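Q: The residues making up each chain are set out below.
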Amino acid sequence: MKKLMLGNEAFARGLYEGGCKIASSYPGTPSTEITEEVAKYDEVYAEWAPNEKVAMEVALGASIAGARSFCAMKHVGLNVAADPLYTAGYTGVTGGMVIAVADDPGMHSSQNEQDSRHHAIASKVMMIEPSDSAECRDFAKAAFDLSERFDTPVIVRMSTRVAHSQSAVELHEREEHELIPYKKNIQKFVMMPGNAIRRHPQVEQRLVDIREYAETSPLNRVEYNDTKIGVIAAGISYQYAKEALGDKASYLKLGIVNPLPVEIIKDFCAKCETVYVIEQLDDIIETHCKKYGLNVHGKDTFSLLGEISQSIVREKILGETAEFAEFPETVPVRPPVMCAGCPHRGLFYCLSKLGVMVSGDIGCYTLGATAPLQAMDSTICMGASISGLHGYNKARGAESEKKSVAVIGDSTFMHSGMTGLVNIAYNATNSTVIILDNSITGMTGHQQNPTTGKNLKGDPAAAVNLVDLCHAIGIKSVRVVDPYHMAETEAVIKEELEKEEPSVIISRRPCALLKYVKHNPPLKCDHSKCVGCKQCLKIGCPAISIHDKKMTIDHTQCVGCGICTEMCKLGAIGE
Amino acid sequence: METKSIMIVGVGGQGSLLASRIIGNVLLSQGFEVKVSEVHGMSQRGGSVVTYVKYGDEVASPVIVKGEADIIISFEQLEAARWLPFLKKGGHLVTSTQKIDPMPVINGVAVYPDDIIEKIKAQGVDVIAVDALTLAEQAGTAKASNVVLMGVVSTKMQFDESVWQAALEQCVPAKFLELNKKAFALGRAAQ
Numbered sequence: 001m002k003k004l005m006l007g008n009e010a011f012a013r014g015l016y017e018g019g020c021k022i023a024s025s026y027p028g029t030p031s032t033e034i035t036e037e038v039a040k041y042d043e044v045y046a047e048w049a050p051n052e053k054v055a056m057e058v059a060l061g062a063s064i065a066g067a068r069s070f071c072a073m074k075h076v077g078l079n080v081a082a083d084p085l086y087t088a089g090y091t092g093v094t095g096g097m098v099i100a101v102a103d104d105p106g107m108h109s110s111q112n113e114q115d116s117r118h119h120a121i122a123s124k125v126m127m128i129e130p131s132d133s134a135e136c137r138d139f140a141k142a143a144f145d146l147s148e149r150f151d152t153p154v155i156v157r158m159s160t161r162v163a164h165s166q167s168a169v170e171l172h173e174r175e176e177h178e179l180i181p182y183k184k185n186i187q188k189f190v191m192m193p194g195n196a197i198r199r200h201p202q203v204e205q206r207l208v209d210i211r212e213y214a215e216t217s218p219l220n221r222v223e224y225n226d227t228k229i230g231v232i233a234a235g236i237s238y239q240y241a242k243e244a245l246g247d248k249a250s251y252l253k254l255g256i257v258n259p260l261p262v263e264i265i266k267d268f269c270a271k272c273e274t275v276y277v278i279e280q281l282d283d284i285i286e287t288h289c290k291k292y293g294l295n296v297h298g299k300d301t302f303s304l305l306g307e308i309s310q311s312i313v314r315e316k317i318l319g320e321t322a323e324f325a326e327f328p329e330t331v332p333v334r335p336p337v338m339c340a341g342c343p344h345r346g347l348f349y350c351l352s353k354l355g356v357m358v359s360g361d362i363g364c365y366t367l368g369a370t371a372p373l374q375a376m377d378s379t380i381c382m383g384a385s386i387s388g389l390h391g392y393n394k395a396r397g398a399e400s401e402k403k404s405v406a407v408i409g410d411s412t413f414m415h416s417g418m419t420g421l422v423n424i425a426y427n428a429t430n431s432t433v434i435i436l437d438n439s440i441t442g443m444t445g446h447q448q449n450p451t452t453g454k455n456l457k458g459d460p461a462a463a464v465n466l467v468d469l470c471h472a473i474g475i476k477s478v479r480v481v482d483p484y485h486m487a488e489t490e491a492v493i494k495e496e497l498e499k500e501e502p503s504v505i506i507s508r509r510p511c512a513l514l515k516y517v518k519h520n521p522p523l524k525c526d527h528s529k530c531v532g533c534k535q536c537l538k539i540g541c542p543a544i545s546i547h548d549k550k551m552t553i554d555h556t557q558c559v560g561c562g563i564c565t566e567m568c569k570l571g572a573i574g575e
Numbered sequence: 001m002e003t004k005s006i007m008i009v010g011v012g013g014q015g016s017l018l019a020s021r022i023i024g025n026v027l028l029s030q031g032f033e034v035k036v037s038e039v040h041g042m043s044q045r046g047g048s049v050v051t052y053v054k055y056g057d058e059v060a061s062p063v064i065v066k067g068e069a070d071i072i073i074s075f076e077q078l079e080a081a082r083w084l085p086f087l088k089k090g091g092h093l094v095t096s097t098q099k100i101d102p103m104p105v106i107n108g109v110a111v112y113p114d115d116i117i118e119k120i121k122a123q124g125v126d127v128i129a130v131d132a133l134t135l136a137e138q139a140g141t142a143k144a145s146n147v148v149l150m151g152v153v154s155t156k157m158q159f160d161e162s163v164w165q166a167a168l169e170q171c172v173p174a175k176f177l178e179l180n181k182k183a184f185a186l187g188r189a190a191q
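First to last, the sequence lines map onto chains A and B. Counting in our numbering, the first sequence runs from 1 upward without gaps. Counting in our numbering, the second sequence runs from 1 upward without gaps.
Do not take every clue at face value.
[Unchecked claim] According to the in silico footprint, chain B covers these stretches of chain A (three or more CB under 8 Å from chain B):
id, region
1, 166–174
2, 316–329
3, 333–347
In case anyone wonders, no lab produced these hints; they're calculated from the structure. Here the structure is a predicted model, which is why all the values come from computation and not from measurement. Using N, Cα and C, we set each Cβ at its ideal position, and we do this for glycine too.
Here chain A stands alone, though its shape is the one from the complex (with noise of 0.2 Å):
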């Protein structure tokens, strides 16, 4: 049977039938439905940990049972992981543990495009890249068994691209894999200095024997056509070469991106009168051709920035560009924007007109740094925004504490802020955070997390109390406001910053989105009242317009959350 699937539930597919027994991740795009769909299937207990450190730890210690296991991430999550990822690269596994992590050339949603193929090479972990749907169900699948016969996790880059593309997917019988029997090896599993220095040969010996297979794995294939033009590509690059040049260049496909192989790409660049190496972000496949001394084309035609596609393939090679109609005008641009609605509005409409300087975290929170908002002062990565006001503080002092907060989601809080309190608390800065607690994982699409109450299967849970864990942390005054009513947030907000002490405040009220949330009916303007002041435009909300010198409220948007009543000083804005 054949079906249409999204890349990340081909490789939730493939996991599945590969025997995966247990999966950990924390979500992130473009990674986060390989978890949610792996999840549906009855015979893989699937969980959100609460960091990709936490879940790749679980994943390994699944592995170290005897288990084959999983975890997801996105690129910047495998930073999270990489402390675990580089030991495991020593320790090996016993049941197949594979990871997927999700690279986002172009930056759909991410704050930066690195490239995870160097973190295959650093922790010297093999590493695979699918290039559709199809090969993401099988190269999971087949993911497992490599890492059970050479001993190693396996890492299948994924990209946005593959991840979330649908194409057609044959569907497979689940082969169980039962529990290997579980012995205990202190020479293995234990990396104290003694041990490790004794597993590092293994790992290197690995690397030859897995390059030794990689010049005949299926996974790498060679397909010869015209051969004035050779192509070297792995993942979505692969198709966009296809795409562009079809018949008229030959091909070798790496499905196997670390190792590489060495043999098949000397013998493919013989055969081939030029050869391009297309890949998108760094120069790894042609680093690695030129380090054997090939000569191939490679960053000198395609960009270190982005994406690649079709087009720009066609263009550098065959010089080849497309006819297309124009729009007459200048088209402004539709950047994203908080939801109508969105809970996190009031509170930097608040933080805006105080004009604090806002330590900033990663979530839909950020689009508090666009206009009219602006309410933003740095944004890093997972948990930065506390860690980083603490330092900030320390650097410019106790006047800069009464003018700084930092903003951190309820998930990322658990992820990676938590630790950062600690430090406040710790190392003594009187600074001021702010927990903006909308009671889900939003950005990602609504994923459970520690502090809602219900794990990924949607069942009751344990639930973290945020007040009770940040009076646990040392923080005393801990105070929870609701950021629809702005007057009373602004007022809690000057009255923590005043405080000798450090504060949190969490500003507490669910996601606009989530299904159980009720909504008002839309508001609608007076235009009898409307004088045209534009005062309701400063919370930039995606629903609210001026047309002919009078507010309008777009009714397929407003959900009736009655901020921009707050915003209206002559009452014209009612039900």
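Got chain A sorted already, so can you dock chain B onto it with the hints?
A: Positioned in the frame of chain A, the structure of chain B alone reads:
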């Protein structure tokens, strides 16, 4: 058969994912190789969103580039203007007449162009403009604009209506099926 390309463009939250799934299932049921490429995450939050559907005997790249789309389905006028360069010469543009101001227009730093549809037609493009929002509201909810547009597009493709009905049944949850069938029928009858 040469690869055909359909683009679905709109504003995040307008339901382009469902639309692409419906078309994808229609095409798969007709024996084509199909690739559908979506955007998730940050860009979905009220930003300009685009979904690509490609089909044929063999499809390699899941994305559509400038000058490649046989049909563009737009949920909003400004988005039709934005993505116009992706339309192939002789291609069809199906657009809702709905207008949603983007934040730079709301903030007064940019202007929403006038008479977008006329200006696109003046480029020699075949445009079918439908008030999908009103029709969707007639069917029961503004959210069904996407399915109204599927109804319109179905008249521009060679497949039998029953094929579309089957795809609707596959993609829409049972409790919303009747409403969406109504929206589809209104779209189909719209021009």
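Q: Closer than 8 Å Cβ to Cβ for three or more residues is the test here. Does the region 166–174 of chain A pass it with chain B?
A: With 3 residues closer than 8 Å to chain B, the region 166–174 of chain A meets the three-residue bar; holds.
Q: Do at least three Cβ atoms from the region 316–329 of chain A come closer than 8 Å to Cβ atoms of chain B?
A: holds (count 8)
Q: For the region 333–347 of chain A, count the residues whose Cβ lies under 8 Å from any Cβ of chain B; is that count three or more?
A: Coverage by chain B holds for the region 333–347 of chain A (7 residues, Cβ < 8 Å).
Checked against the numbered hints above, the structure violates none of them.
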